[in-house]
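Undergrad: Keeping the supplied structure of chain A fixed, place chain B upon it in accordance with the hints.
Order-wise, the sequence lines are chains A and B. Under my numbering, read the first sequence as residues 22 to 419, first letter to last. Under my numbering, read the second sequence as residues 7 to 376, first letter to last.
Hints should not be assumed to be uniformly reliable.
No farther apart than 30 Å at their CA atoms in a straight line, the calculated lysine-lysine pairs in the DSSO-like style are these [to be verified]: (1) B:K316 to A:K259; (2) B:K29 to A:K414; (3) B:K316 to A:K317.
Label pairs and their in silico Cβ distance ranges [claimed, not checked]: (4) B:D358 to A:D35: 40 to 48 Å; (5) A:T215 to B:Q269: 36 to 44 Å; (6) A:V407 to B:W336: 35 to 43 Å; (7) B:T213 to A:A326: 29 to 37 Å; (8) A:D35 to B:G12: 22 to 30 Å; (9) A:E406 to B:Q260: 20 to 28 Å; (10) B:V301 to A:R294: 19 to 27 Å; (11) A:R294 to B:P31: 52 to 60 Å; (12) A:R221 to B:Q373: 49 to 57 Å; (13) B:P264 to A:T288: 50 to 58 Å.
Hints listed in this document are in silico derivations from the structure and should not be mistaken for laboratory results. Keep in mind that this is a model prediction, so the values were computed, not measured. No residue lacks a Cβ here, since even glycine has one placed at the ideal position from N, Cα and C.
The chain contents come next:
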Amino acid sequence: MDLTFTPEEEAFRDEVRTFLSQKLPARLSDKIRKSQHLTKAEMEEWHAILNARGWLANHWPVEWGGTGWSVMQRFIFETETALVHAPRVLPFGVSMIGPVLLKYGSEAQKRRWLPRILDGSDWWCQGYSEPGAGSDLASLKTSAVRDGDHYVVNGQKTWTTLAQYANMMFCLVRTSTEGKRQEGISFLLIDMATPGIEVRPIKLLSGDHEVNEVFFTDVRVPVENLVGEENKGWTYAKYLLTYERTNIAGVGASMAAFGELKDIARTQRRNGRPLSEDPQFAARLARLEIELENMKTTNLRVLVAAGAVAAPTAESSMLKIRGTEIRQTIDDLMRRAAGTHARPWIPESFEGGWNGEPVGPEWAGPVSTHYFNDRKLSIFGGSNEVQREIITKAILEL
Amino acid sequence: MDFSLGEDRQMLADSLRRFLADKVPFSVRKTAAFEGAGWSRDIWGQLAELGAIGALFDEGVGGFGGSPFDVAVVFGEIGRGLLTGPWLAALQAGQVLGAAGRTDDLAALIDGTAVITYAEEEADTWFDPAAITTRATAQGDRWVLDGAKTVVAYAGSADRLLVVARADAGLSTFLVERDAPGMTVRDYLLVDGGSAGDVTFAATPATLVGEPGHAGPVIEAARALGLVALAWEAVAVMDALRDQTLDYLRTRKQFGIPIGKFQALQHRMATMALEIEQARSAAINAADRYIGTRVERERAASAAKATIGKAGSLAAEEAIQMHGGIGMTWELAMSHYAKRLVMIGHELGDEDHHLARYIELGHELEQAEA
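Here chain A stands alone, though its shape is the one from the complex (with noise of 0.2 Å):
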């Protein structure tokens, strides 16, 4: 037993530490404490200082532009960044479609799209869900009919995060309706200039928009666009939802998010008294802590465990239900701190630059919205309850 970082990986660590204190643009850092929006510009500055370090993909293959790190430096990368609330990597190229067409890709695919997500040309959306496949994806119905050279494609896609400002999508589509349902689709990718192609946003709960609807009618794909074989693409698909699962449980963010929470509970008073002493409050505060170091343990075995591979499917699903429960009741309790100020609703407050007086203290502006906004996460990338699908059936095997 030895819970401690190797000397290298201490050194690593403080090298992550220092290019964060010298690199990241405070305006960033500062907008994702205020839970403030970034513009694509701003998402795009951030990947390209990572890529100028060569550490935006740093879990492909050293030739492709990876790092050949160790998923525990992956891991100490991951959360040393959340810490200091640098902005999330997006995952669409760099962790989705980079590593299928890494696996899955022609020579002539990879040489094509990946130095493209690397220096930013490409900015990729995930066509998977539909209006009837949700956790029941492989009942997807947006198809795709062989016309010479390409394949022709109609339905609708939804759910898909940030196609307002992608040009491109890899997509699941039926190619055929014998056989199994998951033998008949295949994954292609997709020029979003293309004509036929209409984006439509949809307003989130929280007032936020960061989902579409996407709408294909005759929409031209050139054949070279395939990715593998035709009728294979659900082994790729699945492939996607396993791979690079080292954060699924968002400890670092988790960690930052907790920390400013411990620091209002010590500010914020109630009663007369910090909240951080009411009993009540300072109950569920502990469970949350104890929750979490917990967590940290447990993500760090099951990388150890993995090794050198992405972490197995079963414990991955493990972290994800646990790791994304903790973040919610993160954002309960800071609402629950918030008291009445966490009822107005200020839009104008969520936008850079923003210099309008706050309602109450500045932190409780954006505690509902960020409430609302986390529902999604025992939602999306395979539901909580798919997750308990998949340890019933890989890890209990029942």
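TA: Same frame as chain A, but now just chain B:
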């Protein structure tokens, strides 16, 4: 980073496991734990020969282990085998003896010749040593005790008692012979097997262990190690409950199919498995932080006890519920694991006690940092 126990500890675990499966299988345990004093001194002696007691103590005081992870291994196997006996009491008493340099007494405990139990709790202390009222009075160079202790592990069958009492100088520790004058013991069985007793002292002669008034930090550290032990025991019991319940879900059929095919039960099992992994992490953390500052050590110990309290009652209740009627029977090993797990919750402070203590220690930490 390495989460394996290492080869030596694994060997110790394997030998204890084989021994217990052979000598105290459940068919023996289910009656032996509820007869007489509910434990076997003969088994105790054989386990002492196997090194199970020595593993709890540092080489510096005559043991051959003493790391919190050694303690973890021994108590993990105690949990897996549902073994009764004064293990926790011996751990705490031995820590106090070792800290006071009483290596002769400790040697007799380690080689199994003397069973020394540990008497701290009183009817009104509720796990807080500050509330201890048992008096220790100096009479020349001798000491006598007056007062009462409750639910003292195996009080009726131990050879000696390590007693925490209040002297003029403050909390102090004493050794009392089982046949000392002025001492009464009322013995009883425990819900989960084994026995304990209420003990009264009236001008009972006692031998001072350590310096008068200096026991506070020593018994606190001994209790923290006891919490590490209980956390690992509880996790082993939970593992057994999970495996037994999974077996049952795979084989029991209703409506024509194994009940493990029903989603309502599958998701509950998944949650139980997740809680057990979180409890295992808490047990690892408690052992790891034992070699830290006092506040780190105590916070991790309380966090672990609060965690196993929560996860333990969930695992016990769910295991019984998912077994249905058969889960209610004495015949089934599972029901005894469930009883042990819930009763661990009542040893050395329950979930609420340790949650409150965790909060209190957090304030201390903040004041120290400020």
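Undergrad: Between A:V407 and B:W336, does the beta-carbon spacing fit 35 to 43 Å?
TA: With a Cβ separation near 40 Å, A:V407 and B:W336 satisfy 35 to 43 Å, so the hint holds.
Undergrad: Looking only at beta-carbon atoms, does the pair B:D358, A:D35 fall within the given range of 40 to 48 Å?
TA: 41 Å, holds
Undergrad: Is it true that the C-beta distance of B:V301 to A:R294 lies inside 19 to 27 Å, as the hint says?
TA: Holds: the Cβ-Cβ distance is about 22 Å, inside 19 to 27 Å.
Undergrad: Do the beta carbons of A:T215 and B:Q269 sit within 36 to 44 Å of each other?
TA: 41 Å, holds
Undergrad: Would you say the C-beta atoms of B:P264 and A:T288 sit inside 50 to 58 Å of each other?
TA: 55 Å, holds
Undergrad: Going straight from one Cα to the other, do B:K29 and A:K414 come out at no more than 30 Å?
TA: 36 Å, violated
Undergrad: Could you tell me whether the CB distance from A:R221 to B:Q373 stays inside 49 to 57 Å?
TA: 55 Å, holds
Undergrad: Run the distance test for B:K316 versus A:K317: straight-line Cα separation, threshold 30 Å.
TA: 18 Å, holds
Undergrad: CA of B:K316 to CA of A:K259, is that 30 Å or under?
TA: The hint is violated at about 35 Å.
Undergrad: Looking only at beta-carbon atoms, does the pair A:E406, B:Q260 fall within the given range of 20 to 28 Å?
TA: Check passed, 23 Å falls within 20 to 28 Å.
Undergrad: Kindly confirm whether 29 to 37 Å is satisfied by the beta carbon distance between B:T213 and A:A326.
TA: Taking Cβ atoms as reference, B:T213 and A:A326 lie about 50 Å apart, which means the hint is violated.
Undergrad: Looking only at beta-carbon atoms, does the pair A:R294, B:P31 fall within the given range of 52 to 60 Å?
TA: 56 Å, holds
In summary, the structure is inconsistent with hints 1, 2 and 7 from the numbered list given earlier, while agreeing with the others.
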